[in-house]
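Taking the hints into account, I'd like the entire structure generated from these sequences.
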Amino acid sequence: DAKTTQPPSMDCAEGRAANLPCNHSTISGNEYVYWYRQIHSQGPQYIIHGLKNNETNEMASLIITEDRKSSTLILPHATLRDTAVYYCIGYYNQGGKLIFGQGTELSVKP
Amino acid sequence: GAVVSQHPSRVICKSGTSVKIECRSLDFQATTMFWYRQFPKKSLMLMATSNEGSKATYEQGVEKDKFLINHASLTLSTLTVTSAHPEDSSFYICSARPWSGQETQYFGPGTRLLVL
Chain V
1 DAKTTQPPSM
11 DCAEGRAANL
21 PCNHSTISGN
31 EYVYWYRQIH
41 SQGPQYIIHG
51 LKNNETNEMA
61 SLIITEDRKS
71 STLILPHATL
81 RDTAVYYCIG
91 YYNQGGKLIF
101 GQGTELSVKP
Chain G
1001 GAVVSQHPSR
1011 VICKSGTSVK
1021 IECRSLDFQA
1031 TTMFWYRQFP
1041 KKSLMLMATS
1051 NEGSKATYEQ
1061 GVEKDKFLIN
1071 HASLTLSTLT
1081 VTSAHPEDSS
1091 FYICSARPWS
1101 GQETQYFGPG
1111 TRLLVL
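Top line first, the protein sequences correspond to chains V and G. Counted the way the working numbering counts, the first sequence spans residues 1 to 110. Counted the way the working numbering counts, the second sequence spans residues 1001 to 1116.
Among the chain G residues that face chain V by a calculated CB cut under 8 Å, a handful are:
(1) L1046
(2) I1093
(3) G1108
(4) P1109
BS3-like cross-link-like pairs, simulated, lysine-lysine; straight-line CA separation at most 25 Å:
(5) K97/V - K1064/G
(6) K1042/G - K1020/G
(7) K97/V - K1041/G
(8) K1041/G - K109/V
(9) K69/V - K52/V
For the record, the hints were derived by calculation from the structure and aren't laboratory data. The beta-carbon is built from N, C-alpha and C at its ideal position, and this holds for glycine as well.
Dropping the structure here:
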C-alpha cells in the first residue's frame, strides 16, 4: 500500500473551505486515493475516493494532481461538525487493505 | 446504505475472561471484513482480515490464539479476545467490504473494551 504524508493538524474557520493536502509520491498506477475521517470515539467515515480524475460528492471534492503524487480534499463550507481526523490512504482496490497513517486533525473554529 | 454495526458498543470485563465482539453488515453482504484496534490518540492498526468461510489472516505481531476471528456468514464476523488482560483495553473497530465489486470499505462504530 502507498505511504501517504499529511500535516498533523490544521485549523479552519467555520463557513470557509477546508483544504487538506496529502502527498503520496509512491502511489502505483492502480492504487486509488481514499479519504476517510474519524470523529472522536467513532468509527471512520468514508468521504470520497479517486484514481486520477477529480471527484466530487455531497461531502467533498477530491483534486488529484496529474502526476498522482499528491491530492487535496476540499470541504467547501466547513462546519463545527467537520472537526475530525482526516485520513488519506492509498488503496489497491483488488483485495487491498486500508492501512491508516497518522492523518490530519482538522479543527473547525467558530 | 452500507451500514455496519458492532455489538456491544462498550464492555468492561475482569482480567482472565473472554469477550466476544460482533460486527454485522446490515444492508449488504460482505465476503471480507477487517478488524482494527486503536489506542488513545493513535491511528487505527489493522489486526486481521476475515474472509467468509475461511480462516482469518492476521497481521504481523497479532496473536491469532489471543484474538479469535470467525466469519460464519456474509453479514457477521466476530472477534473474541481470549483471556483478556488490562493491556488489551482498547477501541476495536471492524470494517466490511461489499462483495458487489465495489471496493469501498465501511466501518462500524467501534467497541470500547476495558479490562480490569
